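**Student:** Residue numbers (the numbering used here), protein chains in the order written: chain S, 47 to 848; chain D, 6 to 267.
Relax, there's no trap hidden among the hints.
Every beta carbon over 10 Å from chain S, so not counted as near; a handful from chain D, in silico:
| id | residue |
| --- | --- |
| 1 | Gly24 |
| 2 | Thr25 |
| 3 | Gly37 |
| 4 | Gly39 |
| 5 | Gly91 |
| 6 | Ala95 |
| 7 | Gly96 |
| 8 | Met97 |
| 9 | Gly156 |
| 10 | Arg158 |
| 11 | Gly162 |
| 12 | Ser200 |
| 13 | Ala201 |
| 14 | Glu216 |
| 15 | Asp235 |
A short, non-exhaustive set of chain D residues, derived as facing chain S with CB atoms under 10 Å:
| id | residue |
| --- | --- |
| 16 | Asn128 |
| 17 | Pro132 |
| 18 | Ala136 |
No lab work stands behind these hints, which were simulated from the structure alone.
All of these numbers come straight from a predicted model, not from anything done at the bench.
Where is the CB? At the ideal position from N, CA and C, for every residue including glycine.
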Amino acid sequence: MRTVLLASLRTHTRRYVAAAVAVVIGVAFVVVTGMLSASARSGMTASVGVPYAGADVVVTGLDGPDARDLVRDAAGRGDRAAVIGSTAERARVGGRLLPDNVTVGAVADDERLQWQEVREGRLPAAPSEVAVDVNAAKTDRVGLGDTVRLGAGDRTVEAEVVGLVDTPSAAPGTDFLLTFADLETFVDGLWVTSVVYAGPGADSVQDRTDGDVVAAADHVQAVQADVTRGVDVLAAMLLVFAAIALFVSVLVIANTFTILFAQRARDFALLRCVGATREQVLRSVRLEALALAVVASVTGVVAGTALGALVIAVVRRSVDDDVLGSAMPSARWYVAALATGLVVTLVAAWLPTRRATAADPLSALRPHDVDVRTTAGRVRVALGVVALAGGCALLALAMASHEVVPMLAGGIVSFSGLLLLGPVLVPAAVRLAGALASRLAGTPGRIATGNAVRNPRRTAATTASLLVGVTLTTAVLIGLASSRHTVEEEMDQQYPVDLTMTSDTPLPDDLLGDVRATSGVVDAVALPGTTARIVGQGPVTLLAAPRGTTGVLRGDAGVASPGPGEVWLPDGLLTEWPANGRVTLEVEGRTRTLSLNTGEGWGPAAVVAPATLAALTDASTPRAVWARADDGADAEDLAGDLDALAVPAGAELVSSLGERGWVDTQLDVLTATVVGLLGIAVVIALIGIGNTLGLSVLERGRENALLRALGLTRRQLRATLAVEGLLLSLVATVVGVVVGAAYAWVALRTMVDVLTDDAAMVLPWWQLALVVVVAGLAGLASSVLPTRRAVRTAPAAGLGMD
Amino acid sequence: MTTTTPSHPVPAAAAGHPGTAATARGLTRVHGRGDAAVHALRGVDLDLPAGRFTAVMGPSGSGKSTLMHCLAGLDTPTSGIVEVAGRALAGMDDTALTLFRREHVGFVFQAFNLLPMLSAGQNIVLPLELAGRRLTGSVKERHDLVVDVLGLRDRLGHRPAELSGGQQQRVAIARALVTEPAIVFADEPTGNLDSAASAEVLGFLRRSVRELGQTVVMVTHELDAAAYADDVVVLADGAVRRHLVDPTADELVAALRGEQVR
Ligand SMILES: Nc1ncnc2c1ncn2[C@@H]1O[C@H](COP(=O)(O)OP(=O)(O)O)[C@@H](O)[C@H]1O
Ligand SMILES: [Mg+2]
Numbered sequence: 047m048r049t050v051l052l053a054s055l056r057t058h059t060r061r062y063v064a065a066a067v068a069v070v071i072g073v074a075f076v077v078v079t080g081m082l083s084a085s086a087r088s089g090m091t092a093s094v095g096v097p098y099a100g101a102d103v104v105v106t107g108l109d110g111p112d113a114r115d116l117v118r119d120a121a122g123r124g125d126r127a128a129v130i131g132s133t134a135e136r137a138r139v140g141g142r143l144l145p146d147n148v149t150v151g152a153v154a155d156d157e158r159l160q161w162q163e164v165r166e167g168r169l170p171a172a173p174s175e176v177a178v179d180v181n182a183a184k185t186d187r188v189g190l191g192d193t194v195r196l197g198a199g200d201r202t203v204e205a206e207v208v209g210l211v212d213t214p215s216a217a218p219g220t221d222f223l224l225t226f227a228d229l230e231t232f233v234d235g236l237w238v239t240s241v242v243y244a245g246p247g248a249d250s251v252q253d254r255t256d257g258d259v260v261a262a263a264d265h266v267q268a269v270q271a272d273v274t275r276g277v278d279v280l281a282a283m284l285l286v287f288a289a290i291a292l293f294v295s296v297l298v299i300a301n302t303f304t305i306l307f308a309q310r311a312r313d314f315a316l317l318r319c320v321g322a323t324r325e326q327v328l329r330s331v332r333l334e335a336l337a338l339a340v341v342a343s344v345t346g347v348v349a350g351t352a353l354g355a356l357v358i359a360v361v362r363r364s365v366d367d368d369v370l371g372s373a374m375p376s377a378r379w380y381v382a383a384l385a386t387g388l389v390v391t392l393v394a395a396w397l398p399t400r401r402a403t404a405a406d407p408l409s410a411l412r413p414h415d416v417d418v419r420t421t422a423g424r425v426r427v428a429l430g431v432v433a434l435a436g437g438c439a440l441l442a443l444a445m446a447s448h449e450v451v452p453m454l455a456g457g458i459v460s461f462s463g464l465l466l467l468g469p470v471l472v473p474a475a476v477r478l479a480g481a482l483a484s485r486l487a488g489t490p491g492r493i494a495t496g497n498a499v500r501n502p503r504r505t506a507a508t509t510a511s512l513l514v515g516v517t518l519t520t521a522v523l524i525g526l527a528s529s530r531h532t533v534e535e536e537m538d539q540q541y542p543v544d545l546t547m548t549s550d551t552p553l554p555d556d557l558l559g560d561v562r563a564t565s566g567v568v569d570a571v572a573l574p575g576t577t578a579r580i581v582g583q584g585p586v587t588l589l590a591a592p593r594g595t596t597g598v599l600r601g602d603a604g605v606a607s608p609g610p611g612e613v614w615l616p617d618g619l620l621t622e623w624p625a626n627g628r629v630t631l632e633v634e635g636r637t638r639t640l641s642l643n644t645g646e647g648w649g650p651a652a653v654v655a656p657a658t659l660a661a662l663t664d665a666s667t668p669r670a671v672w673a674r675a676d677d678g679a680d681a682e683d684l685a686g687d688l689d690a691l692a693v694p695a696g697a698e699l700v701s702s703l704g705e706r707g708w709v710d711t712q713l714d715v716l717t718a719t720v721v722g723l724l725g726i727a728v729v730i731a732l733i734g735i736g737n738t739l740g741l742s743v744l745e746r747g748r749e750n751a752l753l754r755a756l757g758l759t760r761r762q763l764r765a766t767l768a769v770e771g772l773l774l775s776l777v778a779t780v781v782g783v784v785v786g787a788a789y790a791w792v793a794l795r796t797m798v799d800v801l802t803d804d805a806a807m808v809l810p811w812w813q814l815a816l817v818v819v820v821a822g823l824a825g826l827a828s829s830v831l832p833t834r835r836a837v838r839t840a841p842a843a844g845l846g847m848d
Numbered sequence: 006m007t008t009t010t011p012s013h014p015v016p017a018a019a020a021g022h023p024g025t026a027a028t029a030r031g032l033t034r035v036h037g038r039g040d041a042a043v044h045a046l047r048g049v050d051l052d053l054p055a056g057r058f059t060a061v062m063g064p065s066g067s068g069k070s071t072l073m074h075c076l077a078g079l080d081t082p083t084s085g086i087v088e089v090a091g092r093a094l095a096g097m098d099d100t101a102l103t104l105f106r107r108e109h110v111g112f113v114f115q116a117f118n119l120l121p122m123l124s125a126g127q128n129i130v131l132p133l134e135l136a137g138r139r140l141t142g143s144v145k146e147r148h149d150l151v152v153d154v155l156g157l158r159d160r161l162g163h164r165p166a167e168l169s170g171g172q173q174q175r176v177a178i179a180r181a182l183v184t185e186p187a188i189v190f191a192d193e194p195t196g197n198l199d200s201a202a203s204a205e206v207l208g209f210l211r212r213s214v215r216e217l218g219q220t221v222v223m224v225t226h227e228l229d230a231a232a233y234a235d236d237v238v239v240l241a242d243g244a245v246r247r248h249l250v251d252p253t254a255d256e257l258v259a260a261l262r263g264e265q266v267r
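In isolation and in its complexed conformation, chain S is listed as follows (with noise of 0.2 Å):
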């Protein structure tokens, strides 16, 4: 038997390439998802320490004032502290308004605490001093000598950057680096990580304060742990696509085993008749798969190593960081990878084989053509209706429970019903798209439908794997876009204004025509206030938000449009919750008590209805300009534009295009992360149509011979091809498409309904028509291989074929 397995691996390899190139890439990313996390876990807790590496006990759980006077007390014992915290805050670097808020830190009084790598220059050590991260140096462009102005209203710091500095990527590195007696400006707003401490008094500092204290190399450790486990969560996330790959794989590798062994069926008849038994045919075409599983597996770990060598190198080289050390994945991912490998092919293998070598000796003896036609047999038919309708109801069950459990297993169990009933439904799809390319190809066209439909198992096994993959994209596509969607209401609520100019002085009457003819800027509103006090608190410049503020604003949540009798007020200007909900304002003698509502993004201003701002001052002056910015406008073109108008006239202006664009592009980095992981499986699933229109030109060499003989020209010949890859591959997005969007359908009722009463629906219809466009292209590309082969054939020589 060794002579036939070495004979038919030598004349049968070609044929396994693309089986071969499917395992190859689910091996391979196994590995590259190993060497990342790796190397990601190894590069990221060693970098995480580094804060604590000068400190005997670490605080957690303080605020900014405690943390503050935990570091006065200790500097009054003569012990070491430091904190490590940031607050965002504006920032002008000489006039210059950055377009996004900044992290503002401080570097440790004591040398000893300090860790920030100095690039260039020197960490701050007096007040009016500050450093800049090299990185935020770059995007800001912000040089040494250059005066930086943080902060905004009364709580502003200036200060000359004395220092570039650089803080490995793991810890909680901050844009500019004060001092922090500078840094005290913005004590109430500061988020603080901990609080590092040295010295004598370490031992007390439990009994000096209410935040956690534990030793500094426990709490490294803890860091490290919860790094590790955000590597580890992400490496199995990316595993989770690795899996889908891999299960389309499975699909591709076992259409190819069956399709070969069909075709090789006499093979194995004969075999049989010469006095081979049943199960030294099934060892050798099951070592034939061993053979390739083996090869395929190899060859995956050797390219994932390669590739994830080379992802490492680019990564560090171009990110200037050290978020990738240089550790290597264990041995263990390595034999896990090449056992998945093995599995994979092997399982893929399993039911072909034994199908094959089930082969009864007498088939060999009938002279006619090989019969590969198959039907959709009636026990798989009623599998599949059972499947279907089973997995329908759990997901019913899940919409109306609200329980992502069932989802899971409804949406994969009706989806193997939908594969099983592949060979009964996707024949139907293909023959009433074929109707269509009939009507606009003719000859070729028909043909075309007939060989994509003779042998509907075949079909449906072809079209599965994109199947798979198109669903897959479409529902995450789709799922994407309806939490944008979601996102950005709630990004109307946080940012209702794009720019505001808020001044407490008058604003020129010119500077509303101004601003109107910047260009990026739709529309704008200037708004009438004046000085108010808040009783008990202090002067606020209040504004009223007359009628036409409407096209200003974005959404229409109603933030900072108030009614009668109310008032809106910025996050964080009153220290207290009155305990009414009621705020008085007073202007010259005249008060008003309002209801008190409180949000953001609209400058520093009290926001009352125009009747309520009457009611308080006969003489308003116009106090600001709110502006909506085109939504293609460049964030910081424009905030730089509105500036050089907003400081002559005495006014602060305020963007959130900044935030807004970088929601928007962590979600559309998302989107593309997703769909190219995905594209992975759909890029294998491809190969696989390809491969098995390779296979039936094969296979089909005496039939084509005969039509080309018939008087078929090679163009319609190629057509006819051209027309079968693309009728699977449009059936099959088509189909994913449409499964897709009702699997997505029922993850937003299941999974966000809960969260928010109107989770809408929204189709990316043009994300959605590109799906079906580029599986279009690749299935007539998929066509052109076997094309090639198939056209090359003299019509003589494929009559002669055996």
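Following the hints, put chain D with the ligands in place on chain S, whose structure we already have.
**Tutor:** Then chain D with the ligands, alone, in the frame of chain S:
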């Protein structure tokens, strides 16, 4: 297995006779069921003598191939018994039948005899390899003898696709003979060949009987082919009409013509 007790009792002398390579008694084979049932064989009684070249003739559809498949253990009879090389095939499972074929039966088919990915030489030794036998000693002698008798010495390295139809059939014959089987079945081995190649292949089959002492049973519907045989079995409608021993050409023609007239 649905073998029933044969309607004809088997004469002990005939069934176990050392001079008999294969025996059939009351052999029936029905394809399908009910209205669609096709009676390919309707009670065949036959003794095929060892060391002779027997041709099985008859019109198309008369059951020649079915008879051969049943005799060779490739097909399971509906009823009746088959004995080959003194062993009853009834009751053997698939593996036992396979091992039996490997040991005692050789085949030559009309077409598709050879595995396309193996060379001629590899195809010839395939049955030996399947049985785990090494090409040494007497096995090697036999192999060399067969290869030389069939004139395949300089063709062993060729792939089937590089051989003519006649050469392919010679390779198939060599493969059938290499295990020294008790009986060789050939189903229309010349059906796809031109007359020159046919003559060559038939000549080799006869030589294997004369010089190697093999038993060969050949299905054919060509009178010319039958002329190479020692004995001729004439089949009609799934039953044996005549079993002619050393017929003259006239006797044969008469037997066949008689068939057609009847
Ligand atoms: N697998 C089968 N199923 C149904 N009928 C069959 C099958 N094999 C053979 N037959 C029928 O049995 C009869 C005998 O066939 P066969 O032995 O091949 O005849 P011959 O070889 O003499 O031409 C024919 O009528 C044929 O149609
Ligand atoms: Mg026949």
